Amino acid sequence: MLMKVLGWLPWILTAAVLLACANGQVRSVAQVGISTLRQRLGAASVVVVGIAGVVGVLVALLAMAQGFQATLQETGSNDTAIVLRSGSQTEINSALDHAATVVIGDEPQVQHDAQGRPIASPELVVVASLPKKGSSTDANVEVRGIGQDAWALRTRVRMVSGRRFTPGLRELIVGARAAKEFEHTELGSKIDLGGQPWTVVGVFDSGDEHDSELWGDADVVASAYRRGDGRNSVTVRLKSPQQLDAFKAALASDPRFKVDASTTLDYYSRQSDLLTRTIRILGTTVAIIMAIGAIFGALNTMYAAVASRTREIATLRAMGFRGGPVVVSVLIETLLLAIAGGVIGAVIAWALFDHYTASTLGANFSQVVFEFRVTPALLAGGLKWALAIGLVGGLFPALRAARMPVTEGLREL
Amino acid sequence: MKYLSLIWSTLFRRKTRTLFTIFSVIAAFLLFGLLDSVRGAFANVGHNVAGASRLITISKQSLVVSLPTSLLMRIQAVPGVSAVTYANWFGGYYQEPKNQLVTEAVPQNYFTLYPEFVLPAAELRSFHDVRTGAIVGQSLAQRFNWKLGDKIPIQATIFPQKGGSNTWMFDIVGIYHVSDPNLKAEENQLYFNWDYFDQATQFGGGTAGWYIERVAQPKQADRVARAIDAISANSDHETKTQSEDAFTAAFVSQFADIGLIVGSIMGAVFFTLILLTGNTMAQAVRERIPELAILKTIGFSNRSVLSLVLAESVLLLAIGGAVGLAIAAVAVSGIRAKLGPQIPMLPVGTQAWLRGVALMIAIGLVVGALPARRGMRLRIVDALSGR
Amino acid sequence: MSPLVEIRSVSKVYVRGKQKLEVLHHVNLDIGKGDFLALMGPSGSGKTTLLNLIGGLDSPTEGTLTVAEKRIDRLGQSELARWRASNVGFVFQFYNLLPMLSAARNVELPLLLTKLPAAKRRSHAAIALELVGLADRASHKPGELSGGQQQRVAIARAIVSDPTLLVCDEPTGDLDRQSAVEVLTLLQRLNRDHGKTIVMVTHDPKAAEYASHTLHLDKGTLVEAAAAAESPS
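Protein chains in written order, with my numbering: chain D, 850 to 1262; chain U, 613 to 999; chain P, 28 to 260.
Keep in mind that the hints were calculated from the coordinates and are not lab data.
Values in this document were obtained by computation on a predicted structure and should not be read as measured data.
The C-beta atom is built at its ideal place from N, Cα and C for all residues, glycine as well.
One thing to keep in mind: the hints can contain errors.
[What the hints assert, rightly or not] For lysine to aspartate or glutamate, the following DMTMM-like pairs were computed, each having C-alpha atoms within a straight-line distance of at most 20 Å:
id: 1; chain 1: P; residue 1: Lys47; chain 2: U; residue 2: Asp994
id: 2; chain 1: P; residue 1: Lys147; chain 2: P; residue 2: Glu171
id: 3; chain 1: U; residue 1: Lys774; chain 2: D; residue 2: Asp1122
id: 4; chain 1: D; residue 1: Lys982; chain 2: U; residue 2: Glu903
id: 5; chain 1: U; residue 1: Lys627; chain 2: U; residue 2: Glu903
id: 6; chain 1: U; residue 1: Lys763; chain 2: U; residue 2: Glu728
id: 7; chain 1: P; residue 1: Lys246; chain 2: P; residue 2: Glu197
id: 8; chain 1: D; residue 1: Lys1107; chain 2: D; residue 2: Asp1094
id: 9; chain 1: D; residue 1: Lys981; chain 2: U; residue 2: Glu903
id: 10; chain 1: U; residue 1: Lys710; chain 2: D; residue 2: Asp1122
[To be verified] Some chain U residues well away from chain D (every beta-carbon gap over 10 Å; in silico):
id: 11; residue: Glu735
id: 12; residue: Asp848
id: 13; residue: Pro902
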């Protein structure tokens, strides 16, 4: 609750300060300050660049977390469920025998297609090694063996080029992101799986984490990796999201196997949890420390600014201008610099990092390719940090300016 | 260093301004210390003296595919191989799924290939004697407060026991530590007997996850690696052997280009720092032109004035940098104590300090260069008459 | 005995943009060892310029300048700096002490350029402060001293390395009557009791009375005047 209030504070205070411009006294004092800004370009740039740095780094790191999380979250939905062996938590660790996969598909909560077959896809997940583009070392890429029932389940998938693989043959289709990230992924290339050459026959796009994978016929993959008729997981379409609990209960009551079921949304979101949380903590920590540095830079600049204007401020106050407008005018100046810095930092982060492609080791021990996402919310957040730094950095100099004894200031004349 | 007191007084002439600048420098070097510690942890994985003579052999298909145990004898026979062992990945977690562990099932001779894991001989003997014995790293033991003799249950994520249970019980019979502070991240493993795994697991037994070999002469490593791979060429278990260094580097690079991330952040941080301290120094010198002129009238040469200003800016950076790094060192040891293996961080050691000092000096010189030049070049007559 | 300072046909020309300004025209002057010379003249007459040349702060455009038998007009910037360190002590109108150093440390400054160890430096500085009567103010900063006291500290600094020559530019210009008398008496004492050669620029005739000779400069050339009468004690 407190965090929410604190979150709105910079906006509110800034708005208050800017609204104060309506006051004539404030405007006159502020004009004195802003007109001298050009003379102190060096000092002013310290504030602008310092804040730009904070905002840029913060937005970039959070965009990394945002992109990774988005890629994974979009992979799931709450009307499909994934079933793994109990305790496994990720597909690569799980193993289900053939009989279990059939039983799972036959549960009454599972949706049926037009032909009356359950929309259930038992899938195999293995890891292959491929060099990343521009590198000589191998990286892990996820290979998913699917059956023909997968297409009914995965309706988001569309072929971008080439065609689907032919069941029974050593053919692969490559996810769009995997195609960008790994070598040997063009149509017609050969990839070595299980000691045998496989041919890439198509590129698919599913708009989520699966774009980092290679897909092939489950039976052929199974024989290449000597996995028999067992599979890693079964993914089903539920009749409705509300059927999940009944589905889990039905699975739990079967004594022949022990499995865990959850919606794919839950499953994939959980995978992004640790990494996104780590990046967000890292980003916020770095930004806080940089912000402290920026605040001291701003304090220096604004104290110097106030000091250089002692005479003018004292004269104005001797003429009858009150302390309040002086405080506000100093804050306005600082905020203008802070906004400039925030905008510059945000623009740089957006220009350099939006849709920047990166990859990391995912839950299945293989590369997950994702793009940084610089969202408007992130940019607004960055700007908020800029305002907060400006307010803190300008407050104390502002108070000093307002409290300076008038006679002391005039003596400088 | 008779000039030190002169430089010091000059620096603190405007106490508030200098202090604020120093605080900004402290913030920058605090970040440097923290990020460098993370970068070092990733970069140093596998870089150790003992590791220089080790090779890792995995299935050519991928790391997750197992190899037959029959390879052990055949690899041992390869000329140049002085010792060979293997290990199986087990995984698992302790108490809660978020406490994922690095657990491996290893044969009895595993620790002879890892001399950097130091533990008393008696504990190693217990590992041999007790079937369910486990040897854990000191950092891991500290994290969960495990002591010798504790019985701990580990929840399997991949390999259930034959009866179907996911719970594997282990006895802590040994705790190893690593002397090299750069390798502290290696104290997070749990090793248990391969025999126990082989007997009790529902599946996955009877195979080796990967092999580790020691080469008699590290210079021969490439030749030996190729010879090892030749054994399994054209079989259904083709292997890929490489130095431990190369293996871990490839592994780490899959996670993230930590060096790039840290480098970019520090680049931004130091850029803003240079601007900030540069501005302070420029202001300071501008105000002190008359005083610098006095020094010149007294007889300080142009070069002395240049050096004085440069020394001042380096001192500014040095004070802030040293304090910042010191805070980072304290913070890192605190974080490591509390969060342990969850955040890979090296303690802030000699190398970090050396890098830090080099940066302080370099930035100090860059920042002071223009103001120093200005001071050096001032014409006494003009400066004294206020022009 | 050859004079301490020999100035032969010295001219100084300043170039400001396209304009050439000749401030000194072929000045000839001898200053003997132990002299206390006052240089007077209206503003713009070139007296400060001449002082700067004698003190090695600047080099003449033409002519020769010899101090203690060394041709200083031939010296380069860094050589001049070295020469100044051991041969000249400066006293300025606005004292020009370093504000963040104590009086003792200010006086010690010129000694930093020597190889003297710290203890020796401090004792020399103490002696100099004693000489100007400010030993009890050694640890005060300039901000805590009156104008007259600051100028005396400046004089202590000027003599601490026992220079050949003391060069003073309007030393009493910023002082009240009382302090000015103190400073001028001190300079006179340094000249008479300790044999220090002093060249002083001033626009105040009363100050010039403390010197043993007075010379006038007008539009860059010297106008000789009779030696000043003995100053009142």
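Going through the hints against the structure:
{"no.": "1", "hint": "P/Lys47 to U/Asp994", "verdict": "17 Å, holds"}
{"no.": "2", "hint": "P/Lys147 to P/Glu171", "verdict": "26 Å, violated"}
{"no.": "3", "hint": "U/Lys774 to D/Asp1122", "verdict": "32 Å, violated"}
{"no.": "4", "hint": "D/Lys982 to U/Glu903", "verdict": "60 Å, violated"}
{"no.": "5", "hint": "U/Lys627 to U/Glu903", "verdict": "18 Å, holds"}
{"no.": "6", "hint": "U/Lys763 to U/Glu728", "verdict": "26 Å, violated"}
{"no.": "7", "hint": "P/Lys246 to P/Glu197", "verdict": "19 Å, holds"}
{"no.": "8", "hint": "D/Lys1107 to D/Asp1094", "verdict": "16 Å, holds"}
{"no.": "9", "hint": "D/Lys981 to U/Glu903", "verdict": "61 Å, violated"}
{"no.": "10", "hint": "U/Lys710 to D/Asp1122", "verdict": "10 Å, holds"}
{"no.": "11", "hint": "Glu735", "verdict": "30 Å, holds"}
{"no.": "12", "hint": "Asp848", "verdict": "6 Å, violated"}
{"no.": "13", "hint": "Pro902", "verdict": "18 Å, holds"}
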